[in-house]
Amino acid sequence: MVFVPWGVSKVSSQLSPEDYHGDNSGMRSLGRCVIIVLVAASGLVPAAGQPPADPNQERDFLSRVRRLTIEGKRAGEGYWSPDGTRLVFQSEREPGNPFYQIYTLDLETGDAKRISPGVGKTTCAFFRPNSDEILFSSTHADPKSKQYQDDELTFRASGKERRYSWDYDPEMDIWAFSEKTGALKALTTAKGYDAEASYSPDGQWVAFSSMRDAYGRALSPVEQKMLEENPSYFGEIYIMRADGSGQKRLTTEPGYDGGPFFTPDGSRIVWRRFDERGLIADVWTMKPDGADARKITDFGSMSWAPYAHPSGEYFIFASNKLGFENFELFIVDTQGVKEPVRVTYSDGFDGLPVPSPDGTELAWTSSRAGGSAGQLFLARWNHEKAREALKNAPPRRPAKPS
Amino acid sequence: MKRTLVAALVAVATVQTVYPQAPAPAASKARAHVEALASERYEGRLAGSAGERLAADYIVGELQRIGARPLPGQRDFRLPFEFTAGTRDGGSTIEVIGSGASGPRRFAARPDVQALSFSDNGNVTGPVVFAGYGIVVPESQEFGYDSYATLDVKDKVVLVLRYFPEDADPKTRGVLARYADLRYKAMAARQRGARAMLVVTGPSSPNAGETIPMSFDTALAGSGIVAASISARVSEPLFAAAGQTLALAQKALDSGNPHAAGFAIPDASVAVGTVVVREKQSAANIAGYLPATTAVSALNKPWVALGAHYDHLGRGTHGNSLADKADAGKVHFGADDNASGTAAVLAAGEALAAQPRRRHVMLEFWSGEELGLIGSSHFVNAPAVPLDQLAAYINFDMVGRMQDNKLTVQATGTSPVWGRLLEQANIAAGFELLVQQDPYQPTDVASFNQAGIPSLNFFTGTHTDYHRPSDTADKIEYEDLDRIVAFAVAIVRRLGDTEEAPPFTKVDQQTQSGGGRAGVRVFTGTIPDYSTEVKGLLLSGVIGGGPAEQAGLQKGDVIVEIAGQTIANIYDYTYALEVLKIGEPVKVVYLRSGERKETTLTPGARK
Numbered sequence: 001m002v003f004v005p006w007g008v009s010k011v012s013s014q015l016s017p018e019d020y021h022g023d024n025s026g027m028r029s030l031g032r033c034v035i036i037v038l039v040a041a042s043g044l045v046p047a048a049g050q051p052p053a054d055p056n057q058e059r060d061f062l063s064r065v066r067r068l069t070i071e072g073k074r075a076g077e078g079y080w081s082p083d084g085t086r087l088v089f090q091s092e093r094e095p096g097n098p099f100y101q102i103y104t105l106d107l108e109t110g111d112a113k114r115i116s117p118g119v120g121k122t123t124c125a126f127f128r129p130n131s132d133e134i135l136f137s138s139t140h141a142d143p144k145s146k147q148y149q150d151d152e153l154t155f156r157a158s159g160k161e162r163r164y165s166w167d168y169d170p171e172m173d174i175w176a177f178s179e180k181t182g183a184l185k186a187l188t189t190a191k192g193y194d195a196e197a198s199y200s201p202d203g204q205w206v207a208f209s210s211m212r213d214a215y216g217r218a219l220s221p222v223e224q225k226m227l228e229e230n231p232s233y234f235g236e237i238y239i240m241r242a243d244g245s246g247q248k249r250l251t252t253e254p255g256y257d258g259g260p261f262f263t264p265d266g267s268r269i270v271w272r273r274f275d276e277r278g279l280i281a282d283v284w285t286m287k288p289d290g291a292d293a294r295k296i297t298d299f300g301s302m303s304w305a306p307y308a309h310p311s312g313e314y315f316i317f318a319s320n321k322l323g324f325e326n327f328e329l330f331i332v333d334t335q336g337v338k339e340p341v342r343v344t345y346s347d348g349f350d351g352l353p354v355p356s357p358d359g360t361e362l363a364w365t366s367s368r369a370g371g372s373a374g375q376l377f378l379a380r381w382n383h384e385k386a387r388e389a390l391k392n393a394p395p396r397r398p399a400k401p402s
Numbered sequence: 001m002k003r004t005l006v007a008a009l010v011a012v013a014t015v016q017t018v019y020p021q022a023p024a025p026a027a028s029k030a031r032a033h034v035e036a037l038a039s040e041r042y043e044g045r046l047a048g049s050a051g052e053r054l055a056a057d058y059i060v061g062e063l064q065r066i067g068a069r070p071l072p073g074q075r076d077f078r079l080p081f082e083f084t085a086g087t088r089d090g091g092s093t094i095e096v097i098g099s100g101a102s103g104p105r106r107f108a109a110r111p112d113v114q115a116l117s118f119s120d121n122g123n124v125t126g127p128v129v130f131a132g133y134g135i136v137v138p139e140s141q142e143f144g145y146d147s148y149a150t151l152d153v154k155d156k157v158v159l160v161l162r163y164f165p166e167d168a169d170p171k172t173r174g175v176l177a178r179y180a181d182l183r184y185k186a187m188a189a190r191q192r193g194a195r196a197m198l199v200v201t202g203p204s205s206p207n208a209g210e211t212i213p214m215s216f217d218t219a220l221a222g223s224g225i226v227a228a229s230i231s232a233r234v235s236e237p238l239f240a241a242a243g244q245t246l247a248l249a250q251k252a253l254d255s256g257n258p259h260a261a262g263f264a265i266p267d268a269s270v271a272v273g274t275v276v277v278r279e280k281q282s283a284a285n286i287a288g289y290l291p292a293t294t295a296v297s298a299l300n301k302p303w304v305a306l307g308a309h310y311d312h313l314g315r316g317t318h319g320n321s322l323a324d325k326a327d328a329g330k331v332h333f334g335a336d337d338n339a340s341g342t343a344a345v346l347a348a349g350e351a352l353a354a355q356p357r358r359r360h361v362m363l364e365f366w367s368g369e370e371l372g373l374i375g376s377s378h379f380v381n382a383p384a385v386p387l388d389q390l391a392a393y394i395n396f397d398m399v400g401r402m403q404d405n406k407l408t409v410q411a412t413g414t415s416p417v418w419g420r421l422l423e424q425a426n427i428a429a430g431f432e433l434l435v436q437q438d439p440y441q442p443t444d445v446a447s448f449n450q451a452g453i454p455s456l457n458f459f460t461g462t463h464t465d466y467h468r469p470s471d472t473a474d475k476i477e478y479e480d481l482d483r484i485v486a487f488a489v490a491i492v493r494r495l496g497d498t499e500e501a502p503p504f505t506k507v508d509q510q511t512q513s514g515g516g517r518a519g520v521r522v523f524t525g526t527i528p529d530y531s532t533e534v535k536g537l538l539l540s541g542v543i544g545g546g547p548a549e550q551a552g553l554q555k556g557d558v559i560v561e562i563a564g565q566t567i568a569n570i571y572d573y574t575y576a577l578e579v580l581k582i583g584e585p586v587k588v589v590y591l592r593s594g595e596r597k598e599t600t601l602t603p604g605a606r607k
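For the protein sequence lines, the chains are A and B, in the order given.
Read in order, the letters of the first sequence correspond to residues 1 to 402 in this note's numbering.
Read in order, the letters of the second sequence correspond to residues 1 to 607 in this note's numbering.
The following block holds chain B by itself, in its conformation from the complex (with noise of 0.2 Å):
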């Protein structure tokens, strides 16, 4: 599963059909699956890595073993995409030109100048206009809050402050935070006809005074700007032409009054130069079917498919390792995450190779979800088979780890059919199904519910060993494993047989509009329970040592208000995450056994 921004911050007609129940499976199909995707030799998977292309290779072997063909069209059963792996500056240069006597000054090492991961490679020269904290709300907000409202920045330089006004009152900070990503306020600089944004980190804010490492961002879209961030020392002789202090300037604005304005930067102009390398590298989507047993002529949807991601964090280099310090650099064998996905979809696969079917069976193995669902993006915007012949598509992502015979079904709002179906396969599996409609979940089956097919998805929920070292084969629950399996092959077969495709339902998205998210500054060490739904945010565990586990949070308990926010869901947790500031103690009020309870929790850092 990919670990999103919310991850990130915590650290019909009836089937008349008569089916048998499923027969008594013979040993685990899917248990030598894991183990072996889950050992050494594979070393985590890494999108691009020699292991992923081991890990391609076993997929590959067992697609062939069990009877599978490479799709129409195709020669082998590997579809290689290109994708970025990272991003580093490439030697970007400021120059302040003008402003008294002090002359031109170049500055040209990381510590002052670094181009933002999505900026564009250029050179620009001009006058430099202070921008405040560059955030414009959105007019539908009804907020009121436009960092430009009063500046004339066309065909100039912006100047902005990261981040969002300090002091503000905890509600204008909500709404602030909303639009304060960078890439949205590279947006916004460019939509009012800037030709270059430079980032200055004020002194009230978290990492003041530093340039903005260069994030790992697999979102090539260029931001169609030239953009990068500069030391506090780079921007003091534009201040200082203008009157000013950084510091000055940015507590004028701190308090979120949103008639606090710029300023533009009398007598001097910087010569901005941005050089952002991307380096490039292959991997490769696997994806094979079964060919239908009847004449498929009479479908109008004549394929189903089964999808789960085959790779994983490698050492876990990117960015999105939750490991402690102590395990930095393991091997993340990810058993659970998604050698078990990648498993139940080979294991389905054969048992459905040898039944009949009405349809083609699609088995499609991801590479790149965890860092951004790129292979499923990338088969849906190129698809080797045309959607418009695909019915549905079931996806399994972290399916190792069953608890109390829960299985998560997501997704389940794509299709009006899906409620009936479940139920009916249900009544077999004997699952306690916790389902969700919200097909906008971090992992694949996003990418096909933004294709418009049906789809669901599979998940046993998470775990403390999610996306660290520790999660390793001899921890997932094969027989609950097993189970998971004959639950969708008797979903896929009743798919299968049934004359008319299931229609799409489109699902709103429940959250959020607008330009994107600061992005968390804080850590506080807590693990989401993503399967239940509670009113709250219900824990499913703590890092250790992170603030969570200091303030006596364990896992169960569910989070109920934060800093004087009331909390009905993870996003309302994530917005009040976004308002927390470092070191600053909150009170936090949750539930245990259904005692309400309070403690303090204090934020630490989020680099």
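Same shape as in the complex, but just chain A (with noise of 0.2 Å):
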């Protein structure tokens, strides 16, 4: 059962969780974004309903929603320039190209500029503090590159739609784009999907995910099955320093783990792990050495996309708690102690949250404007309200063992 939370075509849109049982073409991510999940016809699905008597409401945490991107089919995945005054986000918008590239957007003029090469698919960008270097995933240097995307657009030109999907490209690597010159140099080169990834506060070194581990050694008939249904499987955490030097794995479990951001202190990674199946996702955090790796939910759920406030009080994560197609933004206290709080309560897909560095304001992903695919908003953010919230917030309850 593959579900696209964003990407979601007209098609799909219109089928029930149901619908995606017997599909058998496994977990699949969209940079450290999208997540695309295979259910089992044993159908182990996060349970759906209304939590009792809900005391919040989505007013409370966000006001003045506003909607940052409308050109072009899809947009999402924004950063924010240290200084606040920027985002950098990726969009289907390049004309002859029917993949994200990547662009800044001056939240003063509203201008939005491409900084990525416009050839290729790319994602997951992020902005070097104290540099005019932005990072991001691309797949420019493949020389099949414009072959896929002519492909694609005679695929979609023929009317036809299908589940939007990820396909982990494995030739998809990570580059550092300079504003100042114009230049573009590669920090990764390894075969297998390098992506997701991100800057330390001090912008001396990324955490990035990374499915190399596929590549270079003799694969189990199981593993070999996994790489052709399910490349994440082996997406593991890595580091490395903001040349490119040093590369270095932190993770060794099964499963997908992706999406690494530094905390603001720099002391920690946050990211999300996904079990074996790719069924069940959490909130992670551990040392930059890969060391002290804690669970911090045990949510039952689909979560993911997480990310610390600048306050460094708690994570802004998404989740699929209240039902399949449904991901609402959470919060959670930086320890787990608490059970995470519900933050948006709209239809379709909210994730990929995302605080200005003041704290003042959130930049996410959401579907809620109707149609399909998801585009960047942009709200006020209430950080009394979220602090309170989750001082009131019960223990954490163990999820029940599927």
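The hints are simulated quantities; they were obtained by calculation from the structure and are not laboratory data.
A few of these clues could be false.
Using C-beta positions, here's what the derived DEER-type ranges look like [what the hints assert, rightly or not]:
1. 297(B) x 85(A): 33 to 41 Å
2. 503(B) x 141(A): 31 to 39 Å
3. 141(A) x 295(B): 47 to 55 Å
4. 132(A) x 404(B): 32 to 40 Å
Virtual Cβ for every residue (Gly too), placed ideally from N, Cα, C.
Two independent chains are provided; combine them into the complex using the hints.
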């Protein structure tokens, strides 16, 4: 059962979770981003249903909701510049290219500017603090990337539709773009998907996710099958210096580890870990050397895309706790002592939350405007309300064993 | 906003310039305009009325005040046009001749014979052919239903039943309903050579045996055929001549069986004379412009236009009011619809008058919108400025009731530049924009789309005061209205400064084809929310005391299934309604706060 949180095509958006049963295409993900999950025919679907009498509502946390992106089929993953005046995001709006490219959005003029090469697929950008660099992942160096574009355009022109998916292109590498010179340099070159990268607060380190473990060694028949059906199974967290040197693996558990971000003081990395089957994900933290890994949520659902509030007091993340297709934003204290608190209350997809550097605003990706694809949204963030709600939250309840 | 059939059912080059943030607005100019236009003095601004003329005077005064000029070649801001304000029967008659001993029988009273509003005026005498429901489904639909398949009606008078087969399965009814519109039936009869069409309503249909009230019909084009409705009484001797009755003839057809045929009526003929009196009235669009502040010679399309309709329903006497019985005949103030849009254009014009302009800015105010986009259609058909000079048109219709910061922008499919322009302008404006590509909207933007002009329409959503006397100025969200004005001004400035005019893209019409619509006979009392795209039909309210309210439905519910038909959008809902039966309870499945619920709704009759 494949589910695409925000990239739902017109067709798939009309499917109920049951329609995905028997589809064996496995868990997929879009960068740190969109997760598409297989639920086997045995059917492990996170329990739907409304929680009892919720004391909060969306406007308690988010006010003056505004839509940032309009052009193009879909957009998402907006990350703030350190000075809070711009966002870098991915959007399907390049003429002749049906895949994401990377753009900066000036929040004063409203002008969007492409910074990626325009060719191939890209994803997961991030501003480097104290620098003119922006990193992102791209396949533009693959000679076949233009062919893939044309194939996709031909497919779309045929009028057919299919579920939006992300293919973990093994040619995806992480690049650093200089806004001053326009130069682009590769930070990774390994075979296998390298993406979901972010800088440390001092701009000296990069945490990222890679599926390189699937290459360069003999795979067992079971592993070989996983690579064909569900390559993200091989996703692990890595760290490297900002120049790409000193690449080091931090996680070894089977199942997809991805979406790492540093906490505001740089002392820890927060990321999401899927179980082996790719059905359940939870928020984890660890030290930047991989030590002291701790599970922060035990939410019995797909909980992912965690990002720390600049206060360092809590993480904001997305989960489908309330219904398989209904991703909402939640907050949880950084120690995972309390039960997570719901933040958004809108139909469709809400995910990929990123607070502004001053903590007063939140950028996130949502399909709340209708239609099928996600777009970037921005709202005022009520930090005091978030603190209060966490204070009043009950202690963490262990998820029921599946 | 015009109450469309749907409404009636329910009752790129990057601009590099850096734009400063919109300056803090002074006291709301828009507010004064809304409060004036939606006051008693203008009596609901019905096209052709004294109230409309007074409202026009107000707008002209404001245009003069902000320094706008009449359009080039015009002496006045007023651009008058004529329209049909109503139709009435001026003395239609019918005589049944022959058929046994009864002798000629002549009928001249309205309960027995009444011209259809689109009928030609004329006298026709001839033999009669009963053509069943008179429905022809085009071959392209691959359905196979032609009431005329076995009949020769050339130079004869065709007698057809109103509506469509009453007992057919829902799918068949759904198809046939789309081709059961009286105009479409008249066209089918004419195309087969008939000289006149008579319509009778069978005993198993609503309004059984009655003639059809002459509807308000502003679409003037005559149907090219004499067409009248007759009472069951008039039809009796005709059916008798064929050894039939109206009831039996209808019963034979009501299963929807495509092989059930009509028949020629032997030994009888009719003489029918129709007199339709169309009352012409005069109304006026208002248009002025702010000349560009620099030479426009380098620009291939040196105009941009802002527009809104300023007419409304008067006292709601033209069949498009949703007023409760208790409020019937009261002034419909139309504060949101569309004093708000009129105010927005005036306020945007005033702001633009104080700024440099690379393009001429046309400010247009339409009349006759509520009667069928008459004013704007008239303008695009006989434009005071050649339309190939017009870079873009921006319309405002119902922009005074913003909720939760949500602004709907429609018709964005008309040009590829809109996404980028809206995105840029909204960074400063900060709306939660809902973007709809479809330009086939029930407002004047449709006229400009039809004319191939890149267009936008701004809309803040419908509400329970829509088309009722309770749409008053005190309910307008003025702060948000001012923000919409600032947003529009920013877009016009960006448009104005772009060298290349936006290219036009034709958007395919989502629905339907063919002939027309049966019109909906049932009344459910639901008010759809047009501004939010959800899977299903989101209700922005229900009419008090209506079937929907009685079924327990309320604002915010999303109808996903009715009478076993799944509802993905308003069009599905329309089709589903067409085949409901009055008084026959149906199951409605809806979502409330995400929870799936069921209820039973009993449709009432719409006359």
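The hints, checked one at a time:
no.	hint	verdict
1	297(B) x 85(A): 33 to 41 Å	holds (39 Å)
2	503(B) x 141(A): 31 to 39 Å	holds (34 Å)
3	141(A) x 295(B): 47 to 55 Å	holds (49 Å)
4	132(A) x 404(B): 32 to 40 Å	holds (39 Å)
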